[in-house]
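Using the hints provided, position chain Z with the ligand relative to the given structure of chain X.
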Amino acid sequence: MDSVERPNWAPDDIDLGRPSIARVYDYWLGGAHNFAVDRAVGDKVLADVPVLKSVILNHRAFLRRAVRFMLSQGIRQFLDLGSGIPTVGNVHEIAQSTDPDARVVYVDVDPVAVAHSRAILTGNELVNVLQTDVRDAKQVLESTEVQSLLDFDRPIGVLMVALLHFVPDSDDPHGIVADYRDAIPSGSFLAISHAGYEEGEWDPAWDDAKTTYNRGVSEMTYRRKQEVQALFDGFELVEPGVARLPLWRPESPDDLDENSAHFLSFGAVGRKP
Amino acid sequence: MTEQVDHRVAAPGRSNLDPAVLAGAESFARTWATAVIGSSYVPMTRAEVAEHLQALTEVLVHALHASPFRTAPGYEIGARLVEAHFTGTDTLGRTVQLLGDDLLGELGIQPDELMRSRLAALQGALAAGYARALRERTLAEQEAIRAAVLDARDQAEAALRASEARFRAMFTEAAIGIGIADIEGRILDVNQALQDMLGFSVEEMRQYNIRDLMHPEDGGSVWRLYDQLTAGECDHYRAEKRFRRADGEQVWTHLTLSLVRDDHGDPQYQVAMIEDVTDRHLLQNRLRYQALHDPLTGLPNRALFLERLGRVFNNRARHRAGLCYLDLDGFKVINDSLGHDIGDQLLVEVGRRLDHSVSGEGKLVARMGGDEFVILVEGSQDTQDIVNVADRVLRELESPIRIGGHELTVSASIGIVERALSGTTAADLMRDADITLYWAKADGKSRWALYNPERNAKEVARFTLSATMPAALERDEFYVDYQPLVRLEDSTVVGVEALVRWQHPEFGRLAPDRFIELAEETGLIVPLGRWVLRKACEQARRWLEEFGDAAPFVSVNLAVRQSRDPELVRDVKRILDECALPPHHLQLELTESAIMGTADEPLEALRALSEMGVRIAIDDFGTGYSNLAYLKHLPVHELKIAGSFMEGLRAADEEDAVDVQIVSTLVQLAHALQLGVTAEGVETPAQAKRLHRIGCDTGQGWFFAKPMKPESIDELLRR
Ligand SMILES: C[S@@+](CC[C@H](N)C(=O)[O-])C[C@H]1O[C@@H](n2cnc3c(N)ncnc32)[C@H](O)[C@@H]1O
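From first to last, the protein sequence lines are chains X and Z.
Sequential numbering of the first sequence, starting at 8, is according to the numbering used here.
Sequential numbering of the second sequence, starting at 158, is according to the numbering used here.
There could be a bad hint or two in this list.
A partial selection of chain Z residues facing chain X, derived with a Cβ cut-off under 10 Å [said to hold, decoys possible]:
(1) T295
(2) Q312
(3) A313
Because the hints were derived from the structure by calculation, they are not lab data.
Predicted model, so just to flag it, every value in this text is computed and none were measured.
C-beta: ideal position from N, C-alpha, C; glycine also.
Looking at chain X on its own, in the form it has when it is part of the complex:
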């Protein structure tokens, strides 16, 4: 994502000397779809900010909860933007365990993540994988992968899990979300999880980790709850609105602890009226 200018026909060089968002994320989730460089950065960051481990797991858990919630609302087709490297508990697994006919389109800009997704999904007629920058909503929405699988006359679940903090303000995340919103039919849902915190919560002890990740992997933009809420323009937020990630419809009181109220990420699901 650091060479936005490259034309579509020339994918990024596959530079294994550089960590990738998707592989570092996989490492933190306990996967082995990663390389030494990824693990080195992952370990370094984690050493400075031990709470990060639970933050990461929570994003993935939010994905599960959000998809299950959407399934409960009758959603049977999903557009997973910034889908990452498939590991355990992928969207199509969750969805198809409820309804074997559920459809999913995975979209990611990372060519390795996409190649891996394709490799394990060959033969699954109800899942498509698309390699594109999600910031170009038009290109995503008009792609054959999306058009051939998703029915825009029926509600769609759009997932932007642990994605938008990689989109700086200068790229107008608000406008990007709006582009997708305008394309999906009424009754559709949007789930966003997003790194962020409120005024005064940042611990200067995390500065190094932040710098390490920004420099080594990718620049991140942490947003306030207010800003995350603004991304849902044109949606009606479902209970409990924009919440600290663990507090969004927790599955068990045991999943909460004294850190939950200051958790370093927000999550929410909205419904397009």
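Frame of chain X, contents of chain Z with the ligand only:
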């Protein structure tokens, strides 16, 4: 996905366990879950995790009590943990420790030697099973991600290859010529279109440097911009450029040259896109030719001529230039009588002859329209150059032209202008040539006339005068002076001649010779003459009142046109009446030509005037061809002998016998007819004396007095 997990491990013989043991297993599983949750992502709820671990715990319970005792279930549990993605780094350690510390206690099992050793064996097997499964999973995932990398690379390369192939195809298949050269101008590659366009193969083209493609007709900017581009000062430019093909033909093109820079921004290649516009160019040329040539004669037309003339003035490569503006004499008659078709053929032939007689560089023959042609000579040496051209043209037109059985003789009039370019303009040249053509016509046709600034100035002044005259009459710019007519006998002023003057706001005081002729031409002479007559009569009336019998009569000139004005008699009568002037106080002067050889009507008018009592004088007598015999039938009272006869009488010591003889003969003749005689132009005492001796009655001239204001006449009379 490959990581399909069946996390609901069947607990064989679960139902066999006693409820207390089951409760213990459940409690242990909860502790276990707390210990391992949060070190890796497991796609289960906390409750599901606990349930999963309880099932594994039950397997352990069975294994502890089994007989024969086997470690395999421990190995199995290790593998199942990994399978459920309990892959966090401390998962195994915590699990093994928890088993050792809590399991037996929670299950209510006596920690005897046997159970301890069985537990230890199961812990070991679990660790081994976990490690092995994790290693396998890790290896599988590592392999998967490496494969994904290779796939992605293949994809990227394929995309790159596809895009390269696309570009290659674009380059080779493009209908527009494309060429690539390095920054020194060495040609590296050219596409098929460019090879076809220029007729060279790639191999041949590669021998060339861009500079070899220079064409003599290239605009200077083409190569100046090229230098700027290769220097990296500009990134692209467009130009019109001609190329020479391998077969020697020319190709007209639109060229776009672009600079390609390397990653550091330094000039690296240049790419030329060349579009063949030869057809368009030729079409344009043809259209342009059509727009600039006369379809009938094929000669350049007015537009092209004016363009060329403009260029002569813009370039100033030459110092002088000349024009012949030519117009056929009487062409309209030919056209009207023989038809346009013949007229057109005549024009074609004239055009051909002109073109034939005026050939050579710097000369252009154009048809301006109708029967007007123009010849432009650039870089003439002097006026004679152009005169020679005009002579040649006139000669060339002398021989009759044969068209459809007619033998036509044509002539032409030519206006010539030739001059230095500095200080004049194309428009000046055209205007002067046009004027001069008019002169040639006015001077009698079938000739050339040369532009002459004095003549032009005069004509301009004439034109100005005649144009401003009516307004001048209204604004009272005219006034009348009087010149005494003196009786030679006793030097008495017997009459005065009224002489009109024009106090012109621009040209100052103008004598009648400057404007009377013009007034005759324009017809303004009639109102002007009437005005003078009234002025003179009013003045005569004033003198009559002041001087009574001694008052002079006024002699007023009557122009030819006035003498033929049917209103003349009535006008004169009304003016005399209104001024209450006895008719014999008025004398009208007419020229010989006005009186002689006129039709009857004017003569009638003169008779009527004469009968009324108005005196009639013949002005300038002796200069025309008067029929002397006829004179006696005319209502005339006075002859005014022209001043030109006074020449021979002028000198004090000697006289010209012939002139004396003429004058005395005229006087005798007049007296024989009982006419008075006035001598004009008397300037010396000798003349006055001689005229008196000859018997002349009256004298007029500077010797006596110049024309003067009426007040000065008053003074003369009072003396
Ligand atoms: C942190 S991962 C999250 C993956 C997955 N959504 C999850 O929650 O498990 C973020 C993913 O977003 C992808 N990503 C980041 N920016 C992107 C963009 N502009 N277009 C498409 N994918 C992007 C990264 O390649 C990465 O795989």
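Margin query: Need the list of violated hint numbers for this structure, in ascending order.
Written below: none
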